[in-house]
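Q: As a plain string of letters, each chain reads:
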Amino acid sequence: MTAAVEFKDVTRHYGKVRAVDGVSIAIRDGEFFSMLGPSGSGKTTCLRLIAGFEQPTSGSIRIHGVEAAGVPPFERDVNTVFQDYALFPHMNVRDNVAYGLMVKGVDKAERYARSADALAMVALDSYGERKPSQLSGGQRQRVALARALVNRPRVLLLDEPLGALDLKLREQMQGELKSLQRKLGITFVYVTHDQSEALSMSDRVAVFNNGRIEQVDTPRNLYMRPTTVFVARFVGTSNVLSGDQAQKLAGSSQPFSLRPEHIRLAGEAMIDADSVCVGGRIEDIQYHGASSRIEVELDDGLRLVVSINNDEGEDARPPAIGEAVFAHWSREAMVPLRGQDA
Amino acid sequence: MNANAAYLRTPLHRLAGLLHRRGGLLLAILLGPPMIWMCVIYLGSLLALLWQGFYSFDDYSMSVLPQLTLKNYALIFAKGNFDIVLRTLAMAVSVTIGAAAIAFPIAYYMSRYATPAVKAFFYIGVMLPMWASYIVKAYSWSVILAKGGILFWVVTKLHLLWFMDWILQVPYVGGATLSTSHLGRFLVFTYIWLPFMVLPIQAALERVPPNLVQASMDLGARSGQTFRHVIWPLAFPGVVAGSIFTFSLTLGDFIIPTLIGPSGLFIGTFVYVQQGAVGNIPMAAAFTVVPIVLIALYLALAKRLGAFDAL
Numbered sequence: 001m002t003a004a005v006e007f008k009d010v011t012r013h014y015g016k017v018r019a020v021d022g023v024s025i026a027i028r029d030g031e032f033f034s035m036l037g038p039s040g041s042g043k044t045t046c047l048r049l050i051a052g053f054e055q056p057t058s059g060s061i062r063i064h065g066v067e068a069a070g071v072p073p074f075e076r077d078v079n080t081v082f083q084d085y086a087l088f089p090h091m092n093v094r095d096n097v098a099y100g101l102m103v104k105g106v107d108k109a110e111r112y113a114r115s116a117d118a119l120a121m122v123a124l125d126s127y128g129e130r131k132p133s134q135l136s137g138g139q140r141q142r143v144a145l146a147r148a149l150v151n152r153p154r155v156l157l158l159d160e161p162l163g164a165l166d167l168k169l170r171e172q173m174q175g176e177l178k179s180l181q182r183k184l185g186i187t188f189v190y191v192t193h194d195q196s197e198a199l200s201m202s203d204r205v206a207v208f209n210n211g212r213i214e215q216v217d218t219p220r221n222l223y224m225r226p227t228t229v230f231v232a233r234f235v236g237t238s239n240v241l242s243g244d245q246a247q248k249l250a251g252s253s254q255p256f257s258l259r260p261e262h263i264r265l266a267g268e269a270m271i272d273a274d275s276v277c278v279g280g281r282i283e284d285i286q287y288h289g290a291s292s293r294i295e296v297e298l299d300d301g302l303r304l305v306v307s308i309n310n311d312e313g314e315d316a317r318p319p320a321i322g323e324a325v326f327a328h329w330s331r332e333a334m335v336p337l338r339g340q341d342a
Numbered sequence: 001m002n003a004n005a006a007y008l009r010t011p012l013h014r015l016a017g018l019l020h021r022r023g024g025l026l027l028a029i030l031l032g033p034p035m036i037w038m039c040v041i042y043l044g045s046l047l048a049l050l051w052q053g054f055y056s057f058d059d060y061s062m063s064v065l066p067q068l069t070l071k072n073y074a075l076i077f078a079k080g081n082f083d084i085v086l087r088t089l090a091m092a093v094s095v096t097i098g099a100a101a102i103a104f105p106i107a108y109y110m111s112r113y114a115t116p117a118v119k120a121f122f123y124i125g126v127m128l129p130m131w132a133s134y135i136v137k138a139y140s141w142s143v144i145l146a147k148g149g150i151l152f153w154v155v156t157k158l159h160l161l162w163f164m165d166w167i168l169q170v171p172y173v174g175g176a177t178l179s180t181s182h183l184g185r186f187l188v189f190t191y192i193w194l195p196f197m198v199l200p201i202q203a204a205l206e207r208v209p210p211n212l213v214q215a216s217m218d219l220g221a222r223s224g225q226t227f228r229h230v231i232w233p234l235a236f237p238g239v240v241a242g243s244i245f246t247f248s249l250t251l252g253d254f255i256i257p258t259l260i261g262p263s264g265l266f267i268g269t270f271v272y273v274q275q276g277a278v279g280n281i282p283m284a285a286a287f288t289v290v291p292i293v294l295i296a297l298y299l300a301l302a303k304r305l306g307a308f309d310a311l
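Heads up: the sequence lines are chains R and E, in that order.
Just so we're aligned: the first sequence equals residues 1 to 342 in our numbering.
Just so we're aligned: the second sequence equals residues 1 to 311 in our numbering.
So here's chain R without its partners, still in its complex pose:
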């Protein structure tokens, strides 16, 4: 099956800056694909390359098997939901949504019917006559979504669409976006710097760093089996150990990742062939409700972050700062990483 979007060794330079540096990915048809990375990592440039606002310096981009180089944005069967929505301020909501159909010459009755359907899909049926300035941020976001989807694109590009919304609304929209994608079966390419957003919505995630892709994988694998130091640090919280420390704990100087929730704390040493056990002292405790985040300083000065569940019941004795403890974890929890520890 042809990929919905395929990058082959794509590079985009701005003068000397390599915004995108040798990226190859294949986004499958109908999947929810996220591009995750810090700002300036090249994820948005990749999205703009798919939309056609940028042209690659080298490499090839294929959209549903068709070479995209030189094809202007208005000839591409993709639509974009912009970060700041980019609604036309001089048109009402209905005309905004109908815009794509209007410029393609769809007659008025049909385009208004279809834009009414699209607005119903995002639960804004009765807002057609309003101007974008009369809507809240969340409503504008929905209009932008409807305006893109009314064209029935095969690929929908979303550029940090929830970035400007407050937390509650963002979580609600995450759920709605995911169910919409499942219902329509359209390929979603979703750019975000929010790792929890990427993990919770995506079928697969590409992690970007410095214009390159660090890892493309399912959210679960990304979290459980990060392959590079950057991914281990960027996705979730992790203890990344390297060099002498890695040598001592894992028997190899190759860096490894150890998730805080995979470490257990105990009052006594647990000697076991399949696990590692080291002594230390509790330095700091942060209470997060369901869990607590505990910093443990090991005897050799190394600090580990440990996450424990607070589900032991009322009478369980909570850990205290200064207490001597033993940290132990399964050898399997140590995931070897490529790349240097920064």
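Treat the hints with caution; some may be incorrect.
[Stated by the list, open to error] The following label-pair restraints were derived from C-beta to C-beta distances:
{"hint": "1", "chain 1": "R", "residue 1": "183", "chain 2": "E", "residue 2": "222", "range": "30 to 38 Å"}
{"hint": "2", "chain 1": "E", "residue 1": "34", "chain 2": "R", "residue 2": "136", "range": "34 to 42 Å"}
{"hint": "3", "chain 1": "R", "residue 1": "11", "chain 2": "E", "residue 2": "117", "range": "23 to 31 Å"}
{"hint": "4", "chain 1": "R", "residue 1": "176", "chain 2": "E", "residue 2": "90", "range": "55 to 63 Å"}
{"hint": "5", "chain 1": "R", "residue 1": "130", "chain 2": "E", "residue 2": "26", "range": "33 to 41 Å"}
Treat the hints as calculated values from the structure; they're not laboratory data.
Idealized CB from N, CA, C, for every residue including glycine.
With chain R's structure known, arrange chain E on it following the hints.
A: Quick look at chain E alone, frame taken from chain R:
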């Protein structure tokens, strides 16, 4: 309490405290003088002038009599006088269209393509003529356009004299020479008012967010469609703002019609003659109302066309 007492120890401190407590008082002090200027000197004098339009003028004694009459306003519609209005209006409309046609591409380039350095160069290029004396520029143009002038010389060298002669024979446009033709007058008006058209359009285009253009392309609009449906509607208020300048400046000007173009009065020259040579201030005042009414009609039309919807 003690801290308060210490703070309010001098009259100046007490005044500062008073102004801080009563924001309206501060606003009144700040806005008072300009509002008095605006109402008394700015609008008041204009209303006084317009009021004079209702006074009578005695043709025999050549003096103004404070007897109220509508005769001056009625005279605007007399055959010869109304021709002046139509002649001026036609020129104002032509100049506005001409200036907009030239200014829009310049403004478009400035706001969407020019680098900061090029943009600064354009700003200076557009405004430089405004820094030179208006009268000198108008006189220079009469030399440029005169028979045997620079333009005449260039056209002769290019062997295009036949073309110029042909244009000068077109009714309503031509004349004996370029400098005595409506075309020449149009050229000079367009030249002089161009900056007033470029700058508002440029400011309006500058405010069109680039991502709206991208959104339009993304939704399938070709360049022409994007221009028609997104860029033009959003820049239109700027065009209207610029055209208010070119329109009203042309309606009121009396120097260019005096120096360049065929005989036949403009509103500006008519007012000048009435109040200067004749001393008929009431007639001049009545004629001053004409541009005001025309601009008001023009704004009403622009509003109906949706010029201010995007504001």
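Q: A separate judgement is required for each hint: does it hold in the structure or not?
A: Evaluation of the provided hints:
Checked against the hint of 30 to 38 Å, the pair residue 183(R) and residue 222(E) passes, with Cβ atoms roughly 31 Å apart. Here the CB-CB span from residue 34(E) to residue 136(R) is close to 38 Å, well matched to the stated 34 to 42 Å. Look at residue 11(R) against residue 117(E): about 29 Å separates their beta carbons, and that is inside 23 to 31 Å. Our hint of 55 to 63 Å for residue 176(R) and residue 90(E) holds, since their Cβ atoms are close to 59 Å apart.
Checked against the hint of 33 to 41 Å, the C-beta distance between residue 130(R) and residue 26(E) comes to roughly 38 Å, which is consistent with it.
Violated hints for the displayed structure: none, as all numbered hints are satisfied.
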